[in-house]
Amino acid sequence: MSEIGPELLQHMYESAATIRRFEQRAIEQYRIGNIRGYLHPYLGQEAIAVGSIAALEDDDYIVSTHRGHGHAIAKGHDPRQMMAELFGRETGYCHGRGGSMHVASRSVRNLGANGVVAGGLGIATGAALAIKQRGGSELVVAFCSDGSSANGMWHESLNLAAIWDLPVIFVLENNQYAVSTPIRDSARVEHLSSRAAGYGMPGLTVDGNDAAIVYGAMQEPIRRARAGEGPSLVECMTYRHGGHHVNDPGLYLPADELARWKARDPLIVLRDRLTRAGVDESAIAVIDARVEQLLEEAVEFATASPEPSVEELLAEVTAG
Amino acid sequence: MAKMKYREALRAALQEEMERDERVFVVGEGIGERGGSYKVTEGLLAQFGSSRVIDTPLSEAGFVGLGVGAAIAGQRPVVEMLFIDFLMLAMDQVVNQAAKYRFMSGGEGRVPLVIRTQGGAGNSLAGQHSQSLEALFYHVPGLKVVMPSTPHDAKGLLKAAIRDDDPVIFIEHKLLYMTDGEVADEPFVIPLGQAEIKRPGSDVTLVTWSHMVLKCLQAAEQLATEGISTEVIDLRTLVPMDVDTVLDSVRRTGHLVIAQEAVKRGGVGSDVAAMVAERAFESLRAPIVRVAGMNTVIPFNLALEKAMVPQVADIVAGVRSALGRSAEVTGVTVS
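Those protein sequence lines, which keep their order, are chains A and B.
Here the numbering used here is used: the first residue of the first sequence is 1, the next is one more, and so on.
Here the numbering used here is used: the first residue of the second sequence is 1, the next is one more, and so on.
Keep in mind that the hints were calculated from the coordinates and are not lab data.
One thing to keep in mind: the hints can contain errors.
What follows is a list of derived Cβ distance ranges for each label pair [what the hints assert, rightly or not]:
id, chain 1, residue 1, chain 2, residue 2, range
1, A, 310, B, 282, 24 to 34 Å
2, A, 258, B, 141, 33 to 43 Å
3, B, 275, A, 229, 34 to 44 Å
Bear in mind that the values here come from a model prediction, so they are computed numbers and not experimental data.
Beta carbons: idealized from backbone N, C-alpha and C, even for Gly.
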């Protein structure tokens, strides 16, 4: 594992805390009616986005999922414009056309969240092919889930990436539930990463609640991708801190199981690491305060932002 | 002008665009060494190499999705889908991904993707290799739909499709690949959204597209011997549609017949009829007639296949019926 110093740990902690508070504030705004539609919180999975993206360069791409706020924030999206998009406002990343499930931005090379499970994996392999054709050194991280691994698009995309040595890393967030279906009911293998062997690519399973471990696990896949040696599958074990979306109470999640995973909350794990690295409580408090302020600004910005105009609804589609 | 086959015209368009723009590449099943099932991409591998002429495994959703992603990331992919019937395997990628991306990203993302595919009956290929499914794509906002009928149009429209910044479903017809036609020598592009009057006439407007254009021209020839002057309009692109050319013609002729190979129910022809009824009703001197495929599965048996798809005689009967010249209407015309 490459060296993880206090600076990087603080960066990852701040990113994870921003995601945590973004989700909590978004849920609060949802409850009072400022956000509509579907909202899939990333609560409990923060370490995966933070650890994997911290290992990337700015010009690397990501492809995200329906549970995508964490990926976006970790990749550098501004929480203000993110919140505005969730509010459906003109100032949001997609001018209110996309909402929670479709946040994308060229500026941070996020090729987009996706409303269809496994639907974005082709976008990932395609972007990786584009990089290869241009002779670039960037790579693509394709976030996917245990649920997506049951979909044909997952199979086709991993296979295409493998046969063409595409610079893409499939980061599989195994939160163990596809909506309400537990992974034990949809796969016969102990580790989904073992399927990598079937495509001729390396696969590994790691603790997805520890950002430092995720960061470390990305190093060899990144080296491979940049060296033109092809894709890898990194399965990160994690757990949702609630239901599939904001209106799903998640009653199917066994209480003891949930409690066990909450005891290993990614933020607790990161705080422990910060403490062990010699970062004192006051430095952490400074970060927390900064995050709090940023999210307060995000909610204020979204609330004050204008609605998109109906007159411009037909822009961006083919008329006739 | 040079005489060229439809498939050669398509190849010339690909070749010229690949020479002009290194972001253009082709990807599909058996399109490299084999040159594609209809030999459209023959020779491209030798000229452009395997990074721009890419053979894929049988992963339709996977490689259409790959095309979407490469387009978003700045390349200009031309995906070849062997049969439009197989494009059904990739509908999420076409309908939910490619068609939506520009809109849902608030206009920041663009998907300059062309999906070249082919459809149509006529070779006894039965129900999963012969369909005319353009209405599925016509229905979805965010897609453009092109269906050329001649080598000249095929070349000019494919070049325009490749240069377009939006996803284009470019539908060829399996009976057209071996047809000949004059193609201009000098470089040209035919803008999307322009219909062409393939034969001027004054008594009736006959709107059609793709292979059915050839049958309509034969029907018009036959009708001329009866003293009926038929104006044949080839829509060429269904989205965007050149409705003005249709309306202008109907205002002159007062009669409208629409001929499509696709099944009648929910077809593009129905939409053309609706648009004319909405916008030029006062010009119509008789009810609109749709000549279309029967609402059934395309049969294997040759005689049944011919009966299922409109033939020249059906179009002739449809025009006569629109003009009130004959009460004789075939089963294909009314269903």
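The hints, checked one at a time:
1. Range check, residue 310 of chain A to residue 282 of chain B: Cβ separation about 31 Å, and the 24 to 34 Å hint holds.
2. Between residue 258 of chain A and residue 141 of chain B the beta carbons are some 42 Å apart, a value that agrees with the proposed interval 33 to 43 Å.
3. In this structure the hint that residue 275 of chain B and residue 229 of chain A lie 34 to 44 Å apart at CB is violated, the actual value being about 55 Å.
Hint compliance for this structure: hint 3 is the single one not met.
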